[in-house]
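These protein sequence lines map, in sequence, to chains A and B. Residue 1 is where the first sequence starts when you use the working numbering, and the numbers rise one by one after that. Residue 1 is where the second sequence starts when you use the working numbering, and the numbers rise one by one after that.
Some clues are possibly wrong.
Claimed, not checked - Between beta-carbon pairs, the in silico distance windows are: (1) B:48 to A:157: 49 to 59 Å; (2) B:164 to A:265: 31 to 41 Å; (3) B:120 to A:351: 52 to 62 Å; (4) B:163 to A:315: 29 to 39 Å; (5) B:173 to A:339: 50 to 60 Å; (6) A:357 to B:79: 30 to 40 Å; (7) B:75 to A:286: 28 to 38 Å.
What the hints assert, rightly or not - Short derived list, chain B residues pointing at chain A, Cβ under 10 Å: (8) 18; (9) 21; (10) 22; (11) 41; (12) 44; (13) 175; (14) 179; (15) 180; (16) 191; (17) 211; (18) 215; (19) 218.
Calculated from the structure, these hints are not laboratory results. Values in this document were obtained by computation on a predicted structure and should not be read as measured data. C-beta atoms are modelled at their ideal positions from N, C-alpha and C, and glycine is treated no differently.
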Amino acid sequence: MKSAVVLACLFPFVAPAQIALYVMNGSTATPAGAALDLGRIAVGDSVSVRLRIKNIGTSVANISRFAADGVGFTTDRLSVPFPIAPGSAQDVLLSFRGSAPAVYSANVQINSQINNISVIAIATVVNGPSLTVFPVCTGSDGPPPAIDFGRVQAGQLRLCNFYLQNTSAQPMTIATFQVNGSAFRQSSGPKAPFTMAPGETTAFVIDFTPSTAGLYSGVLAIETRTFALSGTAFDSPLPKPLLEFDSGPMQSAQQRRLTMRLPAAAPATASGFVNLAFTPDTTLVTDDPAVVFLATGTRTLPFSVTQGSTQISISGQASAMFQTGTSSGRIRFTLTGVSTDGDPTTTLTIPAALLSFDTMTATRRAGNLDIQVTGFDNTYAAGAMVFTFFDTSGQTLQPGAILADFTQAFRAFFTTTKAGSAFQVRVSFPVTGDTSGIAGVEMKLSNGAGTTTAHLTFK
Amino acid sequence: MKHALLLLIAMCAWSQSGIETPSIGMVADSLGSLRAVQGVAGNFLLGPPMATGVLSAACSELLCLAKTDSKILSPTGQTSAPPGPAIFGLDRDIAVIFFPQSQSFARWRDNILESLDWTSDDEVLSIRSGNNRLEIASRRDWAGLTNGPVLLLKEDVLFATADELVLRHPDASESRFELTGAESITSMGPHYAAIRAGDLTFALRLDPGHEQLFLLPASIP
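Throw the hints in and build the complete structure from the sequences for me.
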């Protein structure tokens, strides 16, 4: 029986084998030998190797057994049986973790109806140094052994302090002590090789100095142990941008100009988005769609500033025009996608105003007097109207002031259109008799801010 | 009670509610989509595309016409037309149209296009039609004032220099508005002219005493 085992180990691939086993290193496949050495690892750490089972024959191989029989060894294998078509492969991760110093082995077996493969996997577990991570970094000795340097402003330095300790009862030789990774560097501490006495502790420091914003990774290799290093860098915050507007009181139905600048030079080139949002005072509608940046008809524009400059370019221009809409409320400007030294959010208040008229006409038709008004009511409370007609001598015509309340009609219009408060209303007065003597009309139109009076002459 | 007796007051039956969103006119955007413009001065809303591939458009108080490469579109239909853009001279519900690509004139009425036996040996800039008269602005006539676009209005004339819009009134008085790079001027509606400058479209309010230049919101495709 002993000789049979030796033969199997010496000739794991017996012609005409259909399945073959490879050890993967990235995308490189190396045929597995009789033994697979996973190397030396520290107590408590884990090691993994990816294995590839490939069907190099011309018929389907049915894998009836895949196992790594040995203490501490595990696989993420599929449940058996499973087929592998000719030319196809199946990858499996073989992992090992040991809890005490010793040499561990496992018999990795792959059986199919055509041929079987048996490989001895070996791992040597030793006492490794123990690592203590001090704030501000986070992480631990493991598992998994990983250290996070956190978020750091690009160009700035973050130091992390560590203690390395030999927790075993024997002297420990540290032949490897190395930091890899573009932004990571050991700035103080021992240089390999060195020996640590039982229980001895030594301090060291790793610098994290990212040059630009992004995600960084590296490796701290100490003898048998490997610690993953990570950190994130962000751009320097801009001095709090100042959002400024052309002069004059803010009102509805205006086209205004937004400019942005920095109180001090930008420490780095930066870009982001300036956004506006509108909250109406009324509860009748939830928004006013006319409140937009005119250059795009949207509520977001990109902006950028170059290092050393205080001028912020909005969508490639020195300023951006926007509409204030036809609703009283608040226009809120925010910046996103950029780090700023303080919240630059700026809110403009659009006050409630009397009804505003764009055009007004009064015309006579046969049997009717028509009054047409185009305007807006930024309080969304229009409706109450009083009309008084005059003759050519300025005398009030009977029946005097005519009251009308179109409040419900206006409310229905505003809530249906959801297009702001701009309106065009035509009021017709059926009349009998000669209308030529009716010269004009006085209109009193009320909304939530008061009453507006207008005088019209009939054409 | 010498004058008429005011009997009652009622909302007009124009629309169901009697109230509607104010219409300003139509404009062909920089992508060639025809869009309705609504709102009031300083507060404009562009509607969704009503037609695409529009090369020219113009509106009067009663009529809007648009020109695609091969058709003239109206609110009530469409008719075949010579290729390329068009210059419209609108008069209430009829129009005299010049087609620069074919150097031909036609009269449009009720979706029927009638060729006119007219010719022009110069670049036609604008047509004013109405009151039994027709006036054509040609490049040669305006060479001393501008090399840019010209629009003959009902009474006034609007033209662009390299860095200004000039609204000239019948009494020769002028209103000037700073604007660089105007490429075209069209009649957007009875109260506004649309001025294209690059990707931007401006709206000039023409009402006497209220003349003001605005920027139209860019349209979202």
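Here is what the structure says about each hint:
1. The supplied range of 49 to 59 Å is met by residue 48 of chain B and residue 157 of chain A, whose beta-carbon atoms lie about 55 Å from each other.
2. A C-beta distance of roughly 36 Å is found between residue 164 of chain B and residue 265 of chain A, which places it inside the suggested range of 31 to 41 Å.
3. The beta-carbon spacing between residue 120 of chain B and residue 351 of chain A, approximately 54 Å, falls within the hinted interval of 52 to 62 Å.
4. Taken as a hint, the range 29 to 39 Å is violated for the pair residue 163 of chain B and residue 315 of chain A, whose Cβ atoms sit roughly 22 Å apart.
5. Roughly 54 Å separates the CB atoms of residue 173 of chain B and residue 339 of chain A, a value that falls within the hinted 50 to 60 Å.
6. For residue 357 of chain A and residue 79 of chain B, the hinted distance range of 30 to 40 Å is satisfied, since their beta carbons lie about 39 Å from each other.
7. Evaluation of the 28 to 38 Å hint for residue 75 of chain B and residue 286 of chain A yields a pass: the beta carbon distance comes to about 32 Å.
8. With its C-beta approaching chain A no nearer than about 6 Å, residue 18 of chain B sits inside the 10 Å limit, and its interface hint holds.
9. For residue 21 of chain B, the interface hint holds, the least distance from its beta-carbon to any beta-carbon of chain A being 6 Å, beneath 10 Å.
10. Look at residue 22 of chain B: its Cβ gets to within about 4 Å of chain A, closer than 10 Å, so that hint holds up.
11. Interface restraint check for residue 41 of chain B: the shortest CB-CB distance to chain A comes to about 6 Å, inside 10 Å, so the restraint holds.
12. Interface restraint check for residue 44 of chain B: the shortest CB-CB distance to chain A comes to about 7 Å, inside 10 Å, so the restraint holds.
13. Evaluation of the residue 175 of chain B hint against chain A yields a violated restraint, the C-beta minimum of about 18 Å exceeding 10 Å.
14. With a least beta-carbon distance of about 13 Å to chain A, the hint placing residue 179 of chain B at the interface is violated under the 10 Å criterion.
15. Among the interface hints, the one on residue 180 of chain B is violated; its C-beta lies about 13 Å from the nearest C-beta in chain A, farther than the 10 Å criterion.
16. A distance limit of 10 Å between C-beta atoms decides the matter here; for residue 191 of chain B the minimum to chain A is near 7 Å, and the interface restraint holds.
17. Annotation: residue 211 of chain B was flagged as interfacial toward chain A, and the flag is violated, the nearest CB pair being 14 Å apart, outside 10 Å.
18. For residue 215 of chain B, the interface hint holds, since its Cβ comes within 10 Å of a Cβ in chain A; the closest pair sits about 5 Å apart.
19. Of the supplied interface hints, the one on residue 218 of chain B holds, with its beta-carbon coming within about 4 Å of a beta-carbon of chain A, less than 10 Å.
In this structure, the hints that do not hold are numbers 4, 13, 14, 15 and 17, in rising order.
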